[in-house]
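S.K.: For the record, the sequence lines run as chains A and B.
Per this note's numbering, residue 1 is the first one in the first sequence, and the count goes up by one each step.
Per this note's numbering, residue 1 is the first one in the second sequence, and the count goes up by one each step.
Please note that a few of the clues may not be correct.
Listed below are several chain B residues computed to face chain A (Cβ distance under 7 Å; list not exhaustive) [said to hold, decoys possible]:
#1 VAL51
#2 GLY58
#3 LYS68
#4 PRO94
#5 ALA256
Treat the hints as calculated values from the structure; they're not laboratory data.
All values reported here derive from a predicted model rather than from experimental measurement.
For glycine and all other residues, C-beta sits at the position ideal for the given N, C-alpha and C.
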Amino acid sequence: MDADQIAKKATAIRRHVCESTTGAGSGHPGGSLSAADILAVLYFHTLKHRPKEPGWPERDRLVLSKGHAAPALYAALAEAGYFPVSDLKGLRKLGHHLQGHPAMDTPGVEACTGSLGQGLSVAVGMALAAKLDKRGNRIYCVAGDGECQEGQIWEAAMAASHYALDNITLVVDRNGLQIDGFTKDVMSIEPLAAKWRAFGWHVIKINGHSIPEIMGALAHREKGKPIAIIANTVKGSGVSFMENVAGFHGKPASQQQLEQALEELQ
Amino acid sequence: MKATRDGYGEALAELGGKNPNVVALDADLSCSTRTKLFADKFPDRFFNAGVAEANMIGMAAGLALSGKVAFASTFAVFATNRCFDQIRVSVAYPALDVKIAASHSGITVGEDGASHQALEDIALMRSLPNMKVVVPADAIEAGKAVFAIAGSPGPFYLRLGRPKVPLLEGQEFTLGKANVLRDGSDVALIACGYMVHEALEAAELLKSKGVSARVINMHTVKPLDEKAILKAAKETGRIVTCEEHSRIGGLGSAVASILSEKRPTPMRIVGTDDTFGESGLPAELIKKYGLSGAHIAKAAKELLK
């Protein structure tokens, strides 16, 4: 897919995020919307995958470490054909496979996440296995910026460079907000790029809403080094009244707000 | 005399030769947990996480999600207490082939003191859905358990000890099936791990007082061998459970749950009280914390009054 087509997919993901979280009456639209363009590029450009064969051993894998962005992941998986788009109506509902945070019941979900800080370690394990089996597949991980406050992230960061895992790319969704406010106020994580470099990663900083920039960064390879893409994003991106509002971290739009959101997301 | 951790390390190295899918991880304790035996033979399949246990569990999950059978080892306190959430979400929830083999469990850690004495690990692990719990009594059983859990899908907690213990020759090992080590009709002593040896001593003490004690090695604490428990309750009418673990949430609690619902039976739970341990020699601690054969015999005699 070219950048324009991917942008359309990103818009479709954003619409699904708003509709499914409002339909569920709960969920995390803010961090889902900030990651929408990243996930659109991953699923419609970068990943080598077979939606009709989720267990294909040679597939690239994506671990969504910021599991609360599940609505965006589910939207991407549905748009990619892992399951019907109509399933998105079941988000967070009893007896449905789309759990509040990613679980293995959903085709295409690669790891259980939701407790922050754990996904990158799982991705590191997958990258070790790929090296061990001499498979050429690549492991991608999307983490939140608030999530970088978890100590386990840095344990995993250390391990990835120690084992020279050049088959792993992490995207940090740097939207600058977390539940209690701006990351700079709650718990500063800057200088973030310097931290990843100090842990032995190759760092690329991009605009996380520029499809061409995301495409370019995800295509980058660095011999012997894991790659961390720091994607500067806007929480709630694409929906004016949600943008940069911490309150929409874990609260969906009302029915009335949803109509406005869908009008904006054309 | 041989420690269960030795039986584990040797069996893991043997398993590695038979099953190329097996990988092992450790968190800077490979000499103590004996995963070094595997690491020396299969360096490319061994991953040292350094002093970063949470990441070790996550890496084990990622390896298991890629088709590996991952054995992850460290001390029991760190494996279960420090990594509880990682085990819960990354391993138990998706029911992965991660086998957490933790050494230095219980009070027999000894001199290292309370920070290193896991007295709540069985309670933590058995509370997790999908997780199974095995507590071998000797090195031979530990070795057999390694092969059994590697061949049984899903997560396991294998509880291993530091001290050398006697070898119990000629025992079969089937997951979930208790072994009757000694028959008896007045009381049944249901023990796991190190405490199997104390229970055998208790049975001798009881014999000298004219009491016939059955000794059951409940090596699989989850799933429990309900049949063996109910049979013992029916045939002896008195149950004493013995574990090198808190009386809260361990083997005793598990046995009591079954008996209270299916066959209420007078019982005693021998384990540590609601307290931390302390530094000392293992034998001194066993005595001080009420876990010796004499303590078990005393508990049995209370039931016989």
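S.K.: Find the hints from earlier in the document that the structure breaks and name them by number, from lowest to highest.
M.R.: 1, 5
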